[in-house]
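Here's the letter readout for the chains.
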Amino acid sequence: MEQNLRDLLGEPFEQYAGDNIVPGLVCLAIVPYQLRTLHVVRPLSYNSASPSSAAYKLSKINFEQLTQRANGMNRLPHVELSLRSDEDLVVYKVKIRPVIVLSPRLPEKAKGLPSYFAYSVLCVPLYTLVDKDGFPKRGYNLVAAEKIAALQCRQFFPIPSRTYLDSAISFLRLDNIQAANRNILRSKQIKLTKRWLAFIRVWIRFYATGKLAEEQIPERERKTAEFLNTVKELLSEQLEKSQY
Amino acid sequence: MRWTLPRFDKPRLKFDNVALEGIIPTVLDRFAAMPYNELLDYVYFETAPMKDAVKGQPLDFGGIPKSQRFVDPVSLLLPGTFQQLRKKLEKLEFDEMSAPECEELVDPNVLELLVTIDGEGLFTLPENEVHIDADFKEDLKALTED
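First to last, the sequence lines map onto chains S and U.
Numbered per the numbering used here, the first sequence spans residues 1 to 244.
Numbered per the numbering used here, the second sequence spans residues 1001 to 1146.
From chain U, some residues computed to sit far from chain S (all C-beta separations above 12 Å):
1) F1031
2) A1032
3) Y1042
4) Y1044
5) P1049
6) V1054
Below, simulated DSSO-like cross-link-like pairs (lysine-lysine); rule was C-alpha separation at most 27 Å, straight line:
7) S:K232 with U:K1087
8) S:K241 with S:K137
9) S:K147 with S:K232
10) U:K1087 with S:K194
11) S:K223 with U:K1087
12) U:K1088 with S:K241
13) S:K93 with S:K137
14) S:K132 with S:K188
15) U:K1091 with S:K223
Hint data in this document are derived by calculation from the structure and do not stem from the laboratory.
Using N, Cα and C, we set each Cβ at its ideal position, and we do this for glycine too.
Only chain U is shown next, with the shape it has when bound in the complex (with noise of 0.2 Å):
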C-alpha cells in the first residue's frame, strides 16, 4: 500500500519573517500528516545524504542541490568603468521637478483629462500639443474602424 496525500486542515500560521513565509507551509503540506513509518522511509531511503550513506562514516551533505547566489551585475564592471558612471551621476541633477512635494493633483487640463477619458465616447487628442508617433496612429485608427 502506498501513502498518497491526506485531506487535513491547514494549520493558520502567520510569520514575522517573510521568508518563512514561503517554506514552512510547503514543508508542512508535504510531511505534516505523513504516518511515522512512511516518514522514516522517505528521510533514510530517499533523502541525498542518505542515498549515498556509508555505514560508521560522517554523512555528506554536499549532494544537496543548493540556490546559487545572486551575483549583482555591477561587480561585473571593471573598476575605471565604474568610477568613470560614478563621475557620469555625480554631475546630473536633480530638481524638485523630478521629486514633486505635492499631496495633490491641481492641474486643471490633467483633470480635464481625466474626465474625458473616463467619459463614454471617443476622445481627440490636441493637434501639436502631444507627440503621437505615426505606426501608434495607424494602430488607433484601426481599433476605432473595429
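Excised from the complex, chain S in its bound form (with noise of 0.2 Å):
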C-alpha cells in the first residue's frame, strides 16, 4: 500500500454551504507576486486644471532602492512614494489564486478602528506543489518539494488537495499571509475540517515563535503540536534515508 499524507492525516476538505466568510473557508483572491520592482503611474501635474494632468509618467522603482532611500531619509515608503496625498497608482503583478481565510472578520465599526479595516480578514495563499499527474509542479525541484511535504520547511505547510483543487498537494506559504476585505472573496464552498484548521494554527504558531511544542500553550493545542513535531521528526529520518 502507497501510504500518503491524506492517509495518514486525513481528509483535509469538506462541502461548505453557507454563504459567510468563516475561518477555513477556501476562497479566491487576489494575491501579488513577491516582486523586487514596482511601477508607480503618476500625473504630470496634480493640477486638474492644467492640460497636462491627462497625460502620465510611469516609472519603475526597485524595492532594494526604496528601502534605501527610505532609510537614509528616515522616510517610510509611502511617504517616498506620495502614496498617502497624490493621485498616485502603484502597478503591481496580481494572480487569484485560492486562499484559506485564517480569521473572522474585523467589524465595520469598532472605536477607534480605521475604515480601511472594515470587513478584512487575514487568509493564506494556496500554491501547488505536487500537480494532479504527480508530478512536482513545473520548476520546482524535486528535492525541495519533497521537503516540504515532509514538513521541513516552517513557513510551509502541506495540504493534499486531490478532488478539490486541480492540485494533488498544494501547500500554504505562510510567509505570504494577507489581509483581504471580505466582500472581494469568492467562496469555493469548501472548507478546512476541524483538525486541519487545527494543525494549521499550531504551523502558524510555529512559524512565527520557531517553537512547535512549546508548554506555554493550551494543552490540548499542545498535543496537536507535539503530534506534529513527532510527525515531522519521522518523515524527515526516513527521507534523509531515502536520499542516501
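Could you use the hints to bring the two separately framed chains together as a complex?
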C-alpha cells in the first residue's frame, strides 16, 4: 500500500454550503507576486485645470533602492512614493489564487478602528506543490517539494488537495499571509475540517515563534503540536535515509 | 544567417486547465514565429529522438529527460510506524475553539490592540499578560533605540 499524507492526517476539506466567510473557508482572492520592482503611474500635474494633468508618467522603482532611500532619509516608503497625498497609482502584478481564511472578519465600525480595516480578514494563499499527474509543479525542485511535504520547511504547510483543487498536493505559504476585504473573496464552497484547521493554527504559531510544542500553550493545542512534531521528525528521518 | 527570436503580438490565450497555462505559452513563445525551414531543422537535428535516429528504425523516445515523479514522504514510513501515528491522531480532540464558526471578530481587547498598533507612536504590551522571550526583548530594545 502506498501511504500518503491524506491517509495519515485525514481528508483536509469538506463541502461548505453557507454564505458566510468563516475561518477555514477556501476562497479565491487577489494575491500579489513577490516582486523586486514596482511601477508607479503619476500624472504630470496634480492640478486638474492644467492640460498636463491628463498626461501620465510611468516610472519603475526597485524595492531595494526604495528601502535604502527611505532609511537614509528616515521616510517611510509610502511617503517616499507620495502615495498618501497624491493621485498616484502603484502597478503591481497579481494572480487570482485560492486562499484559506484564517480569521473572522473585523467589524465595520469599532472604537478607533480606521475605515480601511472594515470587513478585513487574514488569509493565506495556496500554491500547487504536486500537479494532478503526480509531478512536482514545473520549475520546482523535486527535493525541495519532498522537503515541504515532509514538514521540513517552517514557512510552508502541505495540504493534500486532490478532488477539491486542480493539484494533488498544495501548500500554504505562511510567509505570504495577507489581509483581504471580505467582499472581494469568492467562496469555493469548501472548507478545512476542524482537524486540519487546528494543524494549521499550530503550524502558524511554529512559523511565528520557531517553537512547535512549547509548554505554555493550552494542553489540547500542545498535544496537536506534539503530534505534528513527531510526524515531522519521522518524515524527515525517512526522507534523509531515502536520499542517501 | 541565424534565426533570432522575432517580436510578435502574443495571442491572448485562456485555459481551463491550469497545467496547460504554463506549457502552451512557453511553446508558442519559442516556436510560433519560427520560419518553417528553421522549425524543420530544429526538429530534425536538435530534438533528442532525432539525434540518434537510424534510417529505417523506429525512433527512440527514451532519451527525452522526464520529470521525476514525486514520492510522498509518508509512503516511506514503515507500516507499524504509520499505524502508531494513526492511533495517536485518533486520541487527539479537536473542538470548536480550533475551528470557530463565527464570522465577525468581536473581542474588544483584540480590536483595541489593532487600533493601537495602527497608530503612529510606540505602544507597550501589558506586563505579565504577554510572554516575550528575553532575546526578542533585546531586539526590540535595539530597534527602538536606533
